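**Q** Residue-level listing of the chains:
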Amino acid sequence: MDFDVSEEQGLLRDSVERTLADAYPSLETRQARIAAPLGFSEEGWASLAELGVLGLPFAEADGGFGGGPVETMIVMEAIGRTLAVEPYLASAVLGGTALRLGADADQRARLLPGVIDGSLRLALAQTERQSRYDLNDVATTARRAGDGYVLDGQKCVVLNADSAGLLVVSARSAGERRDPHGIGLFLVPADAAGLSVQPYPTQDGGRAAEVSLSGVEVGADAVLGDAQDGLPLLARVVEHGIAALAAEAVGSMEALHALTVEYLKTRKQFGVPVGSFQALQHRAVDMMIALEQARSMALYAAMMVEAPDAAERAAAISSVKVQVNKACRLVGQEAVQLHGGIGMTLEYVGAHHFKRLAMIEYQLGDTPHHLRRVVDAGGLIAA
Amino acid sequence: MDLRFTPEEVAFRDAVRSFCRSEIPAEIRRKVSEGRGLTKDDIVASQRILNAKGWAVPHWPREWGGQDWTPIQRYIYTEELLQAAVPLPQQFNCYMFGPVLATFGSDAQKERFLRRAANLDDWWCQGFSEPGAGSDLASLKTRAVRDGDHYVVDGQKTWTTLGQHADWIFCLVRTDPEAKKQRGISFLLIDMTSPGVTVRPILTLEGRHEVNEVFFDSVRVPVENLVGEENRGWDYAKFLLANERTGIARIGLTKERIARIKRLAKEMPAGDGTMWDDPAFRTRIAEVEIELKALEITQMRVAARQGRADSTQPDPASSLLKIRGSQLQQAATELLVELAGPFALAAPERGAGANDLPGGFDWVDAAAPSYFNNRKVSIYGGSNEIQHNVIAKGVLGL
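As they're listed, the protein sequences go chains A and B. Using full-length UniProt numbering, read the first sequence as starting at 1 and increasing by one per residue. Using full-length UniProt numbering, read the second sequence as starting at 1 and increasing by one per residue.
Chain A extracted, bound-state conformation:
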């Protein structure tokens, strides 16, 4: 057991933090980046590519850097701390994991160089109007046609779909709508005929889109892994996404807690810093406890996300999301409350952390969803 990062990981942390801190010196910079056509700055994306973090999780044989969950955690924490809006989660983590775990040698050779150098961005389209967070609930169809498939259906709230060159789409090649079997992951180029992307901003400064597929033809080389047995792959992609979100949440909560404590020390009322009041001190401590418990769960996610036993891994990752979601809500709400009026204003960076943390709760599974999964697994402790 060793919680220290290695020397290389320490260097990675330093350089990512420095790069993002330079890129996001103020809330105004962030707002300017959000206002850009794709919702982030191409320059910022290029600087992530330059740092090598886009190729971090891929094997060295594929041109990557052979990093693991701890490296992803380091990058996502820094993203959370700075509220960076570049589509690292959508493209590098969700799309990237789908390719890393699902792509065959030809697909890797064809796609990974672009993913690693930043010229090809990815997005994961798994949510549907009725599916909520159930990955097996897929109405979008993939009908066999010749060597390839024809895709029809609607995908909702696809993160950063409007800036992606390639979409990873879950679609049903067999079975009923909620059947775990018969689901495949299909690679769909953004410019494919019959694909339409209607983008919009998200509540937290990001971008998402409604994606409709109408008779979209793809070749046999568009299938990631098995066209009928793709659900385990999709589940693993989402698990990596949750581990990444946990780290992002920790980074954001850490920043927000620090802002709050600083504010308590400087804001004066009744002639004294408000941080001298015990009622506020204890709430700030409860925020810290929630943050540290979430940090432990982000570490747990990094440890468990590559665990070989699928059932054990799923229960662990769901438990992480439950704990992190609860912490997001508590830390976000308390931060606004402890700031008072200023915490309610659009011009205050803390308010933007609050909004991001609030939205993390509803990405890749909310608290009731993941709690149910832990319950269905029989919990974490053997009876």
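It is worth saying that the hints were derived from the structure and are not from the lab. The model shown is predicted, which means the values in this text are computed figures rather than measured ones. Treat the hints with care, as some may be off.
[As the list claims (entries may be wrong)] Within a straight-line C-alpha distance of at most 20 angstroms, the following computed SDA-like cross-link-like pairs (lysine to any residue) qualify: (1) Lys265(A) x Asn389(B); (2) Lys393(B) x Ser276(A); (3) Lys268(A) x Lys266(B); (4) Lys266(B) x Ala383(A).
Please build the complex by placing chain B on the supplied structure of chain A, with the hints as guidance.
**A** Same frame as chain A, but now just chain B:
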């Protein structure tokens, strides 16, 4: 970063696990698991088995029976004992008196007391709290006045846990009434058989005799029983309380309770099935399990850090462990009462035969008492509100 146990740590865990389950009498472990009181003989017997193995006081210096374990090994050891429902080594001897004496005591005191404390040949109790000194411990009033080669002690201690079994009590006493409140306090060892010592039981709300009042009426204590320097007792007490807090999360204990609740839930009828089929109840269990998992990792982070940090300084994270750990211990006892449900009300006399077992369940009568008794864990060792203050000041700088 590698968050798994090393093969050596796994082997160590397995060794502790199998020792606990094969060597500590099942009857004692059953009582612990069911939250029933242990006799003095139970506690002594269990500790002597551990001590014979060299495992009663592993965190002490090696020359006094300690092991050169890493903080992770110490963590594993404690958790395995708790999960196997083995009584932890008597806490006043092993986690309070021993470490203080080994750090601040004279050679003669160490020679006289430490080995006997490790083997529970002497039973030590703690004389800190007083009727007017709880969370504000430094306001204690028990006086020790020097008279030749003796101190003469007058005053009253309270909440003295298991003082009825004690041979000795380590006390905080005021030796300089003029000094500022923390400054005039000394750490004194008092023989419980001394003339003028009176122990009176306090029954806690569940009806058990666990704590006591101890009165000192002109008790003469040899000067050689002073630990360290006169008027420095507060420093030693702070050292001791930090020790008390580290072990207080009791994650293994809550794990053991949850595992037991799950087993019992499968046998408790409800509707067409059992309580295990009730999603609401299982959700409540899962929420405790998840928070406990987070605390387990937090505890390991603290342990890993202790490996390097100056270990005489308390880690402020220990306050976090105390707060959350106590809340989870209490949550588990609440779940057990909920599981007992209507049977939780029953409080039959034990031993009258199986006929009067409520609903035929042999555990339900102990559920509510355990819940009642566990309200103490957010109060003792520095209440959870005091721990909030400690973090606010020591960590957040508020």
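**Q** For each hint, tell me whether it holds in the structure or not.
**A** Against the structure, the hints:
1. Lys265(A) x Asn389(B): 15 angstroms, holds
2. Lys393(B) x Ser276(A): Holds: Lys393(B) and Ser276(A) sit about 10 angstroms apart, inside 20 angstroms.
3. Lys268(A) x Lys266(B): 56 angstroms, violated
4. Lys266(B) x Ala383(A): It holds: about 10 angstroms lies between the C-alpha atoms, which stays within 20 angstroms.
When each numbered hint is compared with the structure, a violation occurs for hint 3 only.
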